[in-house]
Structure formats: C-alpha cells, structure tokens
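There are 2 protein chains.
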Amino acid sequence: MNEFELISRYFKRDAPSARLGVGDDAAIVRPTPGCDLHMSVDMLVEGRHFFSDVAPRALGHKTLAVNLSDMAAMGARARWALLSIALPKANEAWVSEFAAGFFALADAHGVELIGGDTTGGPLTLSVTILGEAPSGQALRRDAAQAGDDIWVSGELGLGALAVRHRLGWLNVNDAELLAAATHKLEYPEPRLALGAAMLPLARAAADVSDGLLADLGHILAASGVAGEIWAEALPSHPLLEARRMEHIACLAAGGDDYELIFTAPPSRRADIEAAAQVCGCRVSRIGRTLAGKGCALLDAEGRAVKLDKEGYDHFG
Amino acid sequence: MNEFELISRYFKRDAPSARLGVGDDAAIVRPTPGCDLHMSVDMLVEGRHFFSDVAPRALGHKTLAVNLSDMAAMGARARWALLSIALPKANEAWVSEFAAGFFALADAHGVELIGGDTTGGPLTLSVTILGEAPSGQALRRDAAQAGDDIWVSGELGLGALAVRHRLGWLNVNDAELLAAATHKLEYPEPRLALGAAMLPLARAAADVSDGLLADLGHILAASGVAGEIWAEALPSHPLLEARRMEHIACLAAGGDDYELIFTAPPSRRADIEAAAQVCGCRVSRIGRTLAGKGCALLDAEGRAVKLDKEGYDHFG
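These protein sequence lines map, in sequence, to chains U and H.
In terms of the numbering used here, the first sequence opens at residue 57 and continues consecutively.
In terms of the numbering used here, the second sequence opens at residue 57 and continues consecutively.
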C-alpha cells in the first residue's frame, strides 16, 4: 500500500462542513460570519512526547487531544484539523489503529479532518487545529487582573506520575492509582465544553501541558501580575491527594495534565461552579493573583514550597 | 537559550493582520468577509526532503515555499503560516539563518507567521499555510474538462537534476546548468501571482511537487479525463532542453519543480499568455486533456515515451 492509498483509505473521510476536504492542494472552508478563527499547532515526537511502545490508538487520541486542549484554553469551538505524519514505514495495521483513536475523539467533538501530509521519516506527528469563537471573545493569556481567583479543571499530576513510574524515577505500587495515571497520560480529555462555558466568565486561561506552574507563569507574565498557589488545594486522584506533598512536583509542575488553568473575578465563583457542573467537569479554586510578578507555591502554613523544576523545556 | 527564548527571539514577530499572534494557546485572525479559507500542510524530513548539509537559510525558504506553492495552486492569496520544528538541539546560529530564509520569503508575499511549536527531535519541519480567495472560487483538481489545454509554469526538471547529481546518479558537468539546478532545488519560487491571475482563466490546477506526470495524474483522475503531454513542449533551462530526451525523466517525472500545472479552455490562450506576462512568469502549453483515462507522454513523432517511474512515493 503506497502513500496515496494509505491516506485515501484511512484519512480521507467525509467532511460535510468543508467546501473541499482531503485530496486537493488545499482544503477549503467557509468561516462562520461573526466569528474569529483560532488556530494552533502541536508536534509530537517519538521518545519525547510519547513512549515508543504506546498503543497507536492511544497515540491517535492524544495527538488530537493536545491540540483540542489549546482550543479549549481559548474558549473556542474546535472545527477542523490537519494532520501531518512522518512514519518509518507504511504499516497499515498501525495506521488503522492510529486513525481509529484520532477519529473517535474527533467525532466526539464534531471536529473534521480536512487535510494533511504523510511522509516517511522518524515517527513525528503534527496537528493543526482550527476553531471559531464569536469575534472579539477569547480567553487570552494576557487578560488576568490582580485579585482574580485562579482555577484549575480536573485532576493534576497523574500523567506525570505515570511517566515517572515508567521511567523508574518512582514506583507507584497501588494498581488503581497506576491504572488511573496511565489512562490520564494516554487518553487526556480536552476540556472543550468547560472552555466554552468559561468564555463569558473567566478572564485569562491556558492549558496545562508543561506543568501547572510553568503554564500559569505564562499567564502571569503576559498579564503583568503575580500569583500564589495553595498546594493543599491542588486537585488530584484521591490516592494521590493523600500523599500530595510527597508528589507535589507531579501535581504542581509535572506536565501532561491537559487541564485548563484560568483566572476569574471572585464575583464569578458561583457561576463558575454551576457552569462546570453542567459540563460534568470538576473545577478547583487553587490560588489567586496579586500585584507584582512571579508565583509562589505555598503549603498549608503559608510557607513557600521549593521544587526542583517548574516545567518542561524541550531543550533544557 | 531555552525553547521559549528561542521562539521568542527568532519567531515572535509582529503580525499586524492577526488579532493575536505567536505566544498564546492559539493565534486568532479575523477572516475576510466574502472569502473562503484555504489551508494546507507540508512536512519536510531531513534526508528525504532535503540534504542534511543544506544551508539553513535555503531550508527556511524552501520550507515555506513548498507550502505557498499549494496556495498558488488553488489561486488563493496566502495570508498566515504556522511553523512546527523538531530540532536535535537548540542551535541559535542555525535557527537564526533558518528564520532569515523563512521570513524573507514570507515578507515578499505578505505572509505572517502567527503560531507554531518547537521541540527537540530529529530535524523535521511542518508548515501550515492559510490563504483566502473569493467565496466559491478555487482552482480545484477536479475541474478539468476534456478538450482543455494543459499548461505549466516556469522550467521543469532542474530540481530533480540537482538531486540526481548530488546522489551520483548522473553527472552534470556544465557549471552554469548545475548552478541553475541547485538554485532551483534550494530556492523554488512559489507561483502565487500566477495562481491568482489564473483564478478566473484556468479550470483545474495543481502544483508540481512529486513530478509533472504524477501531479497531472491527480488532476486527470479527479476530473475523470485523460491527458497527453508533448515531451518536446516541456519547458526547461536552455542547456537542459537541448538534451531533453536524455533527461526526460527529470522533466516529466522528476519532482521538486514547484511549478503550477493547470488546464484551461483553448479560448483562454491569449488571456493566459497576457496574464502570465504581467506576472513575469513563463507559461508553456504542453498538452491537452481528452475523454477517457490515463496520461500519455508523447515524443515528436507521437510515440509514447516510457519512463521508469512517474513520481515519488514516500513509502514506495
């Protein structure tokens, strides 16, 4: 099966919302009047962003999920995706499973694959995601104000725990926790519904991919404010929360969470709780913004918690 | 210099036409009312799409050029780009030169870089290009009709000649020809002005990246017509045209041309010649479409020319 047959068989699907989908020099869509177009790209490299033996179905899910997470962080509705794959060889079974994972998530969120590129090469995946939001509305990183609450969705630290267990840096000897952590690492759920629900309520947002403190740091720096995070308030799996200070680096700086971190005025607390409940998504108030710069992670007694590393730098 | 500093220093530039450029979870643009959005992605892998020792400035040019060529093939105006790079290490000198080549071409065509991703990994580049054209207008591959002229822009075969010389498959012993071939391989010029000028004149178009016959084949198959190409009419460098039948595989099936191939009714010949002249771009009428399927390459006596290989298949 050659390159063109492979693309045609597994990636050329109906894209009813597109004027022209996979198969021409470019795809064509007609943007929704009154909306801005949001777009983002993420590249995943074997051995860096995923383990070489990851199930291709899980990889298909995650490749799209990390991009949808960017749309969620803008409060945008995800619409269209383009997928580039470099593959060592045209392995049909692998591509079939990868496509199954990719499209299951795409279908769940009404996202259509409208283009891409397939080539030989070291296993590398790059998705471009396009979304729409009403003109002028977006959860930008630079919109936080001093005195905002800081919120985070879902549970933190699980993906990082799974990675560290796999690398032998620590040993997770609780099977339930390990299963939850592995699932979170392989099948992160992009928070699209929550992001859209926060569009009228929150001020600034980002998705947590490099670690909570690193991604919050981008919001704080862009907005020109400082922040404090309460270690005791960081949400996680009950079995991880019980040992939170032992694993605080995973919770606060672990990466691979794909949760939303956002700031909002305290006057919005009840609305945020209610909207999150409608979305079926846990949200936790984990800190606040302040005048100044930098970010402190505080323990229950208000003392600064020191971490070795606040996030992931791909060349660090 | 870490990942974020590297991005900020070399790739974060003003993007006046964007509502939000590099640095947030997504970029935001406001589509032009009355236009469709055209988008495409191409991935370049070291050792497959470029030689490992290519000058980074040339690579920056080519990485964008091959994507702009897709916009040209649609007749769209290129507007915005997103760039993903996997790099073995954060080599500042390399990135600086790459960015210089990329932005020189972007600036020449009014294209703004509004987002991207940088990671460690085997050298891989992926650009997503977005363009606009008036709603409902596009040079689609499926729009050719039997009886159309087949046209191609510029000169064919030079890029392929440079690759084959470099690989030792043949020896180009004319320095002028080798210099022209190498320049064409490293600095292809996307035919954006010509594509836009052909939007009201041509029917179907594609860009020639995998080889003339392969890319024409996609037009013919999508349109449900056959084609014949006249070997004697294929345009190239004068020194290559003089030995055209010796190098017919380069001209007709070599790849790396990044010229436009398009079909148009014979009634448009004068308009096409005139519009191409305004663009300063050579165009050549090289064949015609017919009822049926398949494509014949004919010599001056009307006999079929046989080639070993009609195009490039990344897993072939």
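The hints are simulated quantities; they were obtained by calculation from the structure and are not laboratory data.
Computed from a predicted structure; not experimentally measured.
One thing to keep in mind: the hints can contain errors.
[Claimed, not checked] Calculated pairs, SDA-like style, for lysine to any residue (alpha carbon to alpha carbon, straight line, at most 20 Å): (1) U:K68 with H:G280; (2) H:K145 with U:V101; (3) H:K349 with H:A199.
[Said to hold, decoys possible] Simulated restraints, written as ranges between beta carbons of each label pair: (4) U:F107 with H:D109: 55 to 61 Å; (5) H:P256 with U:G203: 55 to 61 Å; (6) U:V334 with H:A149: 22 to 28 Å; (7) H:R104 with U:F107: 51 to 57 Å; (8) H:A164 with U:R69: 47 to 53 Å; (9) U:D163 with H:E357: 38 to 44 Å; (10) U:A156 with H:G350: 33 to 39 Å; (11) U:P294 with H:K145: 40 to 46 Å; (12) H:D70 with U:A298: 28 to 34 Å; (13) U:V334 with H:G166: 29 to 35 Å; (14) H:G350 with U:E148: 49 to 55 Å; (15) H:E61 with U:A360: 48 to 54 Å.
For every residue, glycine included, the Cβ atom is placed at its ideal position computed from N, Cα and C.
Evaluation of the provided hints:
Pair hint K68 (chain U) plus G280 (chain H) holds up; C-alpha atoms about 19 Å apart against a cutoff of 20 Å. Only pairs whose Cα atoms come within 20 Å are accepted, and K145 (chain H) paired with V101 (chain U) is accepted, the gap being roughly 14 Å. About 15 Å separates the Cα atoms of K349 (chain H) and A199 (chain H), which keeps this hinted pair within 20 Å; it holds. Taking 55 to 61 Å as the suggested C-beta distance range, the pair F107 (chain U) and D109 (chain H) does not conform, at roughly 32 Å.
A hinted range of 55 to 61 Å for the beta carbons of P256 (chain H) and G203 (chain U) is consistent with their spacing of about 57 Å. One distance hint, 22 to 28 Å for the beta-carbon pair V334 (chain U) and A149 (chain H), is violated here, with the actual separation near 52 Å. Checked against the hint of 51 to 57 Å, the C-beta distance between R104 (chain H) and F107 (chain U) comes to roughly 24 Å, which is inconsistent with it. At about 36 Å, the beta-carbon gap between A164 (chain H) and R69 (chain U) misses the expected band of 47 to 53 Å.
Take D163 (chain U) and E357 (chain H): their Cβ atoms lie about 56 Å apart, and the range 38 to 44 Å is violated. The supplied range of 33 to 39 Å is met by A156 (chain U) and G350 (chain H), whose beta-carbon atoms lie about 35 Å from each other. For the pair P294 (chain U) and K145 (chain H), the supplied restraint of 40 to 46 Å holds, since their beta-carbon distance comes to about 41 Å. In this structure, D70 (chain H) and A298 (chain U) break the distance hint of 28 to 34 Å, their C-beta atoms being roughly 50 Å apart.
Evaluation of the 29 to 35 Å hint for V334 (chain U) and G166 (chain H) yields a failure: the beta carbon distance comes to about 44 Å. Our hint of 49 to 55 Å for G350 (chain H) and E148 (chain U) is violated, since their Cβ atoms are close to 27 Å apart. Range check, E61 (chain H) to A360 (chain U): about 25 Å between beta-carbon atoms, so the 48 to 54 Å window is missed.
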